[in-house]
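Trainee: These are the residues of each chain, in order.
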Amino acid sequence: MNADKMHFVVIDDSKLDCFIAEKVIQNTGRSESVRSFAVASEALDYIKTLPADKKTIVLVDIQMPVMNGFDFLAEFEKNFPQEQRSNFIVNLLSSSINETDQIRAKTFKFVNRFLNKPLTRNALENMLATV
Amino acid sequence: MSKPDKIKVLYIDDEVNNLIGFKATFRIDYNVITAASADEGLEMLEKHPDVKVILCDQRMPHKTGVQFFEEITTSYPAPVRMLLTGYTDIESVINAINKGHIFRYITKPWQETDIRSAIEEGYKYFVTTSMLNVKNEELQKAYDELDKFAYSVTHDMRGPILSSLGAIELAKSSEDLNEVKEVLDMMEKALTRMDAFIQSMHEYYNIKRGELQIQEIDFDGLVEELTELFTVGARLDQTRFDIRLQQEAPFRSDALTLKIILNNLLSNAFKYQKKDGDSKFVELEINVSATGAVIYVRDNGIGIDEAHVSDIFNMFYRATSENVGSGFGLYNVKDALRKLNGSIQVNSKPQQGSEFKVEIPSK
Numbered sequence: 059m060n061a062d063k064m065h066f067v068v069i070d071d072s073k074l075d076c077f078i079a080e081k082v083i084q085n086t087g088r089s090e091s092v093r094s095f096a097v098a099s100e101a102l103d104y105i106k107t108l109p110a111d112k113k114t115i116v117l118v119d120i121q122m123p124v125m126n127g128f129d130f131l132a133e134f135e136k137n138f139p140q141e142q143r144s145n146f147i148v149n150l151l152s153s154s155i156n157e158t159d160q161i162r163a164k165t166f167k168f169v170n171r172f173l174n175k176p177l178t179r180n181a182l183e184n185m186l187a188t189v
Numbered sequence: 042m043s044k045p046d047k048i049k050v051l052y053i054d055d056e057v058n059n060l061i062g063f064k065a066t067f068r069i070d071y072n073v074i075t076a077a078s079a080d081e082g083l084e085m086l087e088k089h090p091d092v093k094v095i096l097c098d099q100r101m102p103h104k105t106g107v108q109f110f111e112e113i114t115t116s117y118p119a120p121v122r123m124l125l126t127g128y129t130d131i132e133s134v135i136n137a138i139n140k141g142h143i144f145r146y147i148t149k150p151w152q153e154t155d156i157r158s159a160i161e162e163g164y165k166y167f168v169t170t171s172m173l174n175v176k177n178e179e180l181q182k183a184y185d186e187l188d189k190f191a192y193s194v195t196h197d198m199r200g201p202i203l204s205s206l207g208a209i210e211l212a213k214s215s216e217d218l219n220e221v222k223e224v225l226d227m228m229e230k231a232l233t234r235m236d237a238f239i240q241s242m243h244e245y246y247n248i249k250r251g252e253l254q255i256q257e258i259d260f261d262g263l264v265e266e267l268t269e270l271f272t273v274g275a276r277l278d279q280t281r282f283d284i285r286l287q288q289e290a291p292f293r294s295d296a297l298t299l300k301i302i303l304n305n306l307l308s309n310a311f312k313y314q315k316k317d318g319d320s321k322f323v324e325l326e327i328n329v330s331a332t333g334a335v336i337y338v339r340d341n342g343i344g345i346d347e348a349h350v351s352d353i354f355n356m357f358y359r360a361t362s363e364n365v366g367s368g369f370g371l372y373n374v375k376d377a378l379r380k381l382n383g384s385i386q387v388n389s390k391p392q393q394g395s396e397f398k399v400e401i402p403s404k
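In order, the protein sequence lines correspond to chains A and B. For the first sequence, our numbering begins at 59 and goes up steadily by one. For the second sequence, our numbering begins at 42 and goes up steadily by one.
This is chain B alone, in the form it adopts within the complex:
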């Protein structure tokens, strides 16, 4: 019986008897592969990218163990390396540690317990290092986002404040009441936009840091809520809002995250309508089967230029000057879908409209 979680160990030695003996001793506990030369070892590494520990004999013809380890430092940096040698040659030990990034040095003939403890220790080191790498990558990503955040805060949050200050200055020196009212209207819009931006930031935080609360989703209730939320605005903008719901099986997911996704897609569909379009519509279609939910949000609005489609899910990306968005909405949608293991596809033609297709598996 093969256990998939056995540690994969590569042993390289030019003495075939050693290879056979090693395999016989350790194959029960470890997933052992062997190679009779450095070149063969390289081939093995290519074939088995999941090797965690490499043990290599120092004295081999053509290439020594140290040379082999030195060679793979950049191409295979992850596996933990151990050098075996019968010669207590201090020079090669120093070389090995300095050049080959050796974790352990084991003298030949080896003792079973030495090898065993070396592999266990080495594996622990391997796991810690890889976890650290993953954490570092996450940290780097978080830093990059923080940079974007800091930049955007000056624009998206300071912007409306400065606009309002400018408007106040203007209104103070104006004698014309109508002009003052006009300025006030514009200030109202600027501050409303800023409030929407702050709410999106809150959503962003919820998706990033919030725990999922998986429960059965009441789609009828959700649809009712969305209808209530969007119908008034739809009527004012003379946009038809159609919802179709077909549910064949129960669906389990996180209600809040699902709501963030639908809210953002729908509010975009309404926001990016043509200003004086005829028979404007927004369509929400939800199909729930045993495997999951497939949701379409369609509109016949301004659409998205092909050149921008690949960027629309990026943070703070805005593809149009028409109707100012926060540059947060679709980023949040994508992040939310990632959390639910879902996916999204866009189909859009400029001046004809957009279709967003969302697939979410049931949890």
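Looking at chain A on its own, in the form it has when it is part of the complex:
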């Protein structure tokens, strides 16, 4: 198993969920850096500045004010052409049990997984094992 360290970006308007995700990520010992954002557009600006030497894991919530998770995915798609995207592993992390959200998530081909809240160490390690 590849145990390289990675950058992590968490995007969620709930401070508690950001906190939980940060802790769970740190507990895996795989993080080179962890940053969390309540505003999706700020996360996008930050991602643009990340060095390309390591993989970046993005965890983004769906329901957020102003720019929601799907808006974020659309912006991400626009800003990063396909060849640049391989370094980014984008996952949705949501409390949604709404089928239309799941279907809509599938329309973004580059979305790696639809993770359910709350984020657990098991679920995160399972995901990391596949990337």
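These aren't lab readings, by the way, just hints derived from the structure by calculation. A few of these clues could be false.
To be verified - DSSO-like cross-link-like pairs, simulated, lysine-lysine; straight-line CA separation at most 27 Å:
id : chain 1 : residue 1 : chain 2 : residue 2
1  : A       : Lys63     : B       : Lys213
2  : A       : Lys73     : B       : Lys213
3  : A       : Lys73     : B       : Lys230
4  : A       : Lys73     : B       : Lys316
5  : A       : Lys73     : B       : Lys315
6  : A       : Lys73     : B       : Lys312
7  : B       : Lys222    : A       : Lys73
8  : B       : Lys390    : B       : Lys375
Said to hold, decoys possible - Listed next, the stretches of chain A that the computed footprint assigns to chain B, with coverage defined by at least 3 CB atoms under 8 Å from CB atoms of chain B:
id : segment
9  : 76-83
10 : 121-130
11 : 147-156
Stated by the list, open to error - Taking beta-carbon pairs under 10 Å as the criterion, some of the chain B residues facing chain A (in silico):
id : residue
12 : Gly207
13 : Met228
14 : Gly366
As the structure is a prediction and not an experimental result, all values here were calculated from the model. Think of the CB as a built atom: it goes at the ideal place given N, C-alpha and C, for glycine as much as any other residue.
Dock chain B against the given chain A, drawing on the hints supplied.
Mentor: Showing chain B alone in chain A's frame:
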């Protein structure tokens, strides 16, 4: 004397004598307008959108009655249609019923009682159909809101529960007491927010389904209550809270609905203050005159971006990530005002503050 509630009937016939005779017979009981051709009939419909019943002769030059009715099926679907003809031509009857959505078929020469009963029956049908349409629209709106509700319940109610479950999991595996306490604080906030959401839902239900109880409003008492409710929080946040009340006439309204409006506007004004702003204030100004109440809620908080102003009254809309709202408050305010026949205007500049102006007529 013209009675405004007389049924408006349009009669179309190319024989002018028939038109005159019809008008003479029925103008006492109905509001009768006539047209001598299908084209003229169309003009009449344009001019009189409140026509409830149309009677049209079948045999007319240029355009038959059936063709006329067929033509107006989509442009004027509401009026009830009746076809008059001297020819017992079964083909045209079948055509009329299938293509023109005809309510009645009346043979010529017509009997006064036949026409009268046809108009009465037709009008009843018209009223029932329009009421059904209104109900269907209301039902559709209720369904749409239910959809939004179902979606929001997963997020706004399941969200805090899942957050808390995640936090518990984290706290269980932590050896650091300070970290556990930090997690508990955050859980407390998440659950408090969920409780506020449930209370807003309760308000929503009260506004939607509750009956108005109109009584004279005791503004002095209301102001006292609001002062008590907001002063402590205001002091903690170092925000000045000013209330001005000027009442020249008694004011009658529903106290609970009025309270929901003021509570929501004020709690927003306090909630959306700048985090480290200087001389923060919230102002409530109430002016009551004989015509009604004009209420201003002003603050010098974070304000609202122009792009979001038109959306802030929508259900579950949240214009900012700062300080999490339920997305319910202003929707409830607008709904409450609709119930009191009131109105609301917003004047806001980002980083400078907002002013909400509410006008409510006295009942």
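Trainee: Can we keep the B/Gly207 interface hint, with Cβ of chain A closer than 10 Å?
Mentor: 3 Å, holds
Trainee: Tell me whether the statement that chain B covers the segment 76-83 of chain A is true, taking a Cβ distance below 8 Å and needing three residues at minimum.
Mentor: The restraint on the segment 76-83 of chain A holds, since 4 of its residues have a Cβ under 8 Å from chain B and three suffice.
Trainee: B/Gly366 was flagged as interface toward chain A. Is the shortest Cβ-Cβ separation under 10 Å?
Mentor: Holds. Min distance 8 Å.
Trainee: Could you grab the alpha-carbon distance between A/Lys73 and B/Lys312 and see if it respects the 27 Å cut-off?
Mentor: 17 Å, holds
Trainee: For the pair we were handed, A/Lys73 and B/Lys230, check the Cα-Cα distance against 27 Å.
Mentor: The given pair, whose Cα atoms are some 10 Å apart, holds under the 27 Å limit.
Trainee: Is the hinted pair A/Lys73 and B/Lys315 satisfied, with a Cα-Cα distance of at most 27 Å?
Mentor: 18 Å, holds
Trainee: Using C-beta distances, would you say chain B covers the segment 147-156 of chain A, given that this needs three or more residues below 8 Å?
Mentor: holds (count 4)
Trainee: Given B/Met228 as an interface hint, is the shortest Cβ-Cβ distance to chain A below 10 Å?
Mentor: With a minimum Cβ separation of about 7 Å from chain A (threshold 10 Å), the hint on B/Met228 holds.
Trainee: With a cut-off of 27 Å on the C-alpha distance, tell me whether A/Lys73 and B/Lys316 pass.
Mentor: The hint holds at about 16 Å.
Trainee: Please verify whether B/Lys222 and A/Lys73 have alpha carbons no more than 27 Å apart.
Mentor: 15 Å, holds
Trainee: Would you check the hint for A/Lys73 and B/Lys213, treating anything up to 27 Å between C-alpha atoms as holding?
Mentor: Roughly 19 Å separates the two Cα atoms, so the pair holds.
Trainee: Against the 27 Å threshold, does the CA-CA distance of A/Lys63 and B/Lys213 hold or violate the hint?
Mentor: 26 Å, holds
In the structure shown, no violation is registered for any of the earlier numbered hints.
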